[in-house]
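Participant: The chain contents come next:
Number of protein chains: 2
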Amino acid sequence: MSEIKLTYFNVKALAEAIRMLLKYGGIEFADVRADRWGTEWVELKPKMPFGQLPTLEENGKVVPQSVAITRYIAKKVKLVGNNEWEDLQIDSIVDTINDFRGKFASYFYVNDESIKEALKGPVLKDVVPYYLEKFEKITKENNGHFALGRLTWADFYFVGMHEYLCDMAGKNLFEDYPNIRKVVENVYSIPAIKTWVETRPQTEF
Amino acid sequence: MSEIKLTYFNVKALAEAIRMLLKYGGIEFADVRADRWGTEWVELKPKMPFGQLPTLEENGKVVPQSVAITRYIAKKVKLVGNNEWEDLQIDSIVDTINDFRGKFASYFYVNDESIKEALKGPVLKDVVPYYLEKFEKITKENNGHFALGRLTWADFYFVGMHEYLCDMAGKNLFEDYPNIRKVVENVYSIPAIKTWVETRPQTEF
Numbered sequence: 001m002s003e004i005k006l007t008y009f010n011v012k013a014l015a016e017a018i019r020m021l022l023k024y025g026g027i028e029f030a031d032v033r034a035d036r037w038g039t040e041w042v043e044l045k046p047k048m049p050f051g052q053l054p055t056l057e058e059n060g061k062v063v064p065q066s067v068a069i070t071r072y073i074a075k076k077v078k079l080v081g082n083n084e085w086e087d088l089q090i091d092s093i094v095d096t097i098n099d100f101r102g103k104f105a106s107y108f109y110v111n112d113e114s115i116k117e118a119l120k121g122p123v124l125k126d127v128v129p130y131y132l133e134k135f136e137k138i139t140k141e142n143n144g145h146f147a148l149g150r151l152t153w154a155d156f157y158f159v160g161m162h163e164y165l166c167d168m169a170g171k172n173l174f175e176d177y178p179n180i181r182k183v184v185e186n187v188y189s190i191p192a193i194k195t196w197v198e199t200r201p202q203t204e205f
Numbered sequence: 001m002s003e004i005k006l007t008y009f010n011v012k013a014l015a016e017a018i019r020m021l022l023k024y025g026g027i028e029f030a031d032v033r034a035d036r037w038g039t040e041w042v043e044l045k046p047k048m049p050f051g052q053l054p055t056l057e058e059n060g061k062v063v064p065q066s067v068a069i070t071r072y073i074a075k076k077v078k079l080v081g082n083n084e085w086e087d088l089q090i091d092s093i094v095d096t097i098n099d100f101r102g103k104f105a106s107y108f109y110v111n112d113e114s115i116k117e118a119l120k121g122p123v124l125k126d127v128v129p130y131y132l133e134k135f136e137k138i139t140k141e142n143n144g145h146f147a148l149g150r151l152t153w154a155d156f157y158f159v160g161m162h163e164y165l166c167d168m169a170g171k172n173l174f175e176d177y178p179n180i181r182k183v184v185e186n187v188y189s190i191p192a193i194k195t196w197v198e199t200r201p202q203t204e205f
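In the order they appear, the protein sequences are chains B and P. Oh and the first sequence: position 107 is 107 in UniProt numbering, straight run, nothing missing. Oh and the second sequence: position 1 is 1 in UniProt numbering, straight run, nothing missing.
Honestly, I wouldn't trust all of these hints.
No copy labels: a pair is met if it fits in one copy or bridges any two.
To be verified - No farther apart than 30 angstroms at their CA atoms in a straight line, the calculated lysine-lysine pairs in the DSS-like style are these: (1) Lys125 with Lys76; (2) Lys134 with Lys61; (3) Lys47 with Lys76; (4) Lys120 with Lys45; (5) Lys61 with Lys171; (6) Lys47 with Lys137; (7) Lys182 with Lys194; (8) Lys76 with Lys61; (9) Lys61 with Lys120; (10) Lys134 with Lys194; (11) Lys125 with Lys47; (12) Lys47 with Lys61; (13) Lys194 with Lys140; (14) Lys171 with Lys137; (15) Lys78 with Lys61; (16) Lys125 with Lys45.
Bear in mind the hints are in silico, worked out from the structure with no lab data behind them. Given the structure is predicted, the values throughout are model-derived calculations rather than measurements.
Make the full structure from the sequences, and use the hints.
Facilitator: What follows is the structure, encoded as structure tokens:
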């Protein structure tokens, strides 16, 4: 296998699940972190397939899209379903977690401050508790996991970006949801991940 | 195999790729179309896993998320990659097409008309041509397909919702992009799809 190069910014957010899965599987990779606010990103952005990160480079080909990359690495490290129906369960909750992220992104990246505030209000008041209550129920039913009652890449996907979600929300979202927090605890208690969390670059989200 | 029930509204949009894949594979299914504006949806919405459609029901279990369902059916009808790397190529472009959809959704479903217009402007002016030029290049390189130079479920995913994208944009988006239009022609020229397009319920998008 040729070396894998993962390019993102120096944050966890959308690439951390990929990094953690690679560490979980003991797969070597180049953990490239571009400076988001410097000339590095200005020069790199037009070279990326759709002007976005993260990207995965393997065999000389650069591929974008964090969820697609996460699924691809999950197959390598065998944290996928045992059949197509199980993979559907994982894919479905991953896309739902990604929808949840999209709710925050719908206001967070709006430049106009008054529009941003107008959009943010209903998200935090109605949408967030709606999703979190359902996530809490699902993670309870699945014993501290998001799907199949066991560890899958859906857990990694959530754990990798849970701090990013809190950052966009401007608060700790998971305080009142012990079973969602258990997903984080479960992933962080895996020895390879524990080591990674202790040694990875320290970033806010 | 127990009967598949696909529930959505009486539009193509996010479910049409799934319907077309089922028709392509000759798989029987219940094509349930809930009345979006009547009491039917008011009663159905709270019963859906995350209050959204489409959902797939199989073996008595209801699963949401259109992309996840489309991928699941694509595996059944063998319009997926031949290996994990090929599946990554398909997944990556599907998520990019879905991002493109999200750009329209970012303003289309905002209730406040002035906010809606303020958000819509930059999307139509900058974001849309950026994506369409890249899609045109990709579909040219792939001989009228979105990935792997051959028919895959990525084509179905795009074709199923291309009218929905035009509806949200308020115009024909693909007039100046012959290779993108070729994807639609290629899918619509498949005999099983041709029959389906002629006999399916007529809807605006």
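Participant: Each hint needs a verdict: does it hold in this structure or not?
Facilitator: Hint check results:
Taking CA atoms no more than 30 angstroms apart as the test, Lys125 paired with Lys76 passes in neither setting, with 39 angstroms inside one copy and 41 angstroms between copies. Only between protomers do Lys134 and Lys61 lie at most 30 angstroms apart by alpha-carbon distance; the minimum there is 17 angstroms, versus 39 angstroms within a single protomer. For the homomeric pair Lys47 and Lys76, the shortest alpha-carbon distance inside one copy (27 angstroms) is at most 30 angstroms, but the shortest distance between copies (36 angstroms) is not. For the homomeric pair Lys120 and Lys45, the shortest alpha-carbon distances inside one copy (28 angstroms) and between copies (24 angstroms) are both at most 30 angstroms.
Taking CA atoms no more than 30 angstroms apart as the test, Lys61 paired with Lys171 passes in neither setting, with 38 angstroms inside one copy and 35 angstroms between copies. In the homo-oligomer, the alpha carbons of Lys47 and Lys137 lie at most 30 angstroms apart only across protomers (15 angstroms), although the nearest pairing inside one protomer, at 42 angstroms, exceeds that limit. For the identical chains of this complex, Lys182 and Lys194 are intra-copy neighbours only, at 15 angstroms inside a copy versus 50 angstroms across copies, given an alpha-carbon limit of 30 angstroms. Taking identical chains as interchangeable, the C-alpha atoms of Lys76 and Lys61 lie at most 30 angstroms apart whether they share a chain (18 angstroms) or sit on different chains (28 angstroms).
Taking the closest pair of Cα atoms, Lys61 and Lys120 never come within 30 angstroms of each other, the shortest separation being 38 angstroms inside a single copy and 34 angstroms across copies. Only within a single protomer do Lys134 and Lys194 lie at most 30 angstroms apart by alpha-carbon distance; the minimum there is 28 angstroms, versus 41 angstroms between protomers. Taking CA atoms no more than 30 angstroms apart as the test, Lys125 paired with Lys47 passes between copies only; the shortest distance there is 21 angstroms, against 39 angstroms inside one copy. Taking the closest pair of Cα atoms, Lys47 and Lys61 come within 30 angstroms of each other only inside a single copy of the chain (12 angstroms); across copies the shortest separation is 43 angstroms, beyond that limit.
In this assembly of identical chains, Lys194 and Lys140 lie within 30 angstroms of each other by CA distance solely inside one copy; the values are 23 angstroms within and 46 angstroms between copies. In this assembly of identical chains, the alpha carbons of Lys171 and Lys137 lie at most 30 angstroms apart only when taken from the same copy (21 angstroms versus 42 angstroms across copies). In this homomeric assembly, Lys78 and Lys61 come within 30 angstroms of each other (Cα to Cα) both inside a single copy, at 23 angstroms, and across copies, at 25 angstroms. Taking CA atoms no more than 30 angstroms apart as the test, Lys125 paired with Lys45 passes between copies only; the shortest distance there is 20 angstroms, against 35 angstroms inside one copy.
Checked against the numbered hints above, the structure violates hints 1, 5 and 9; every other hint is satisfied.
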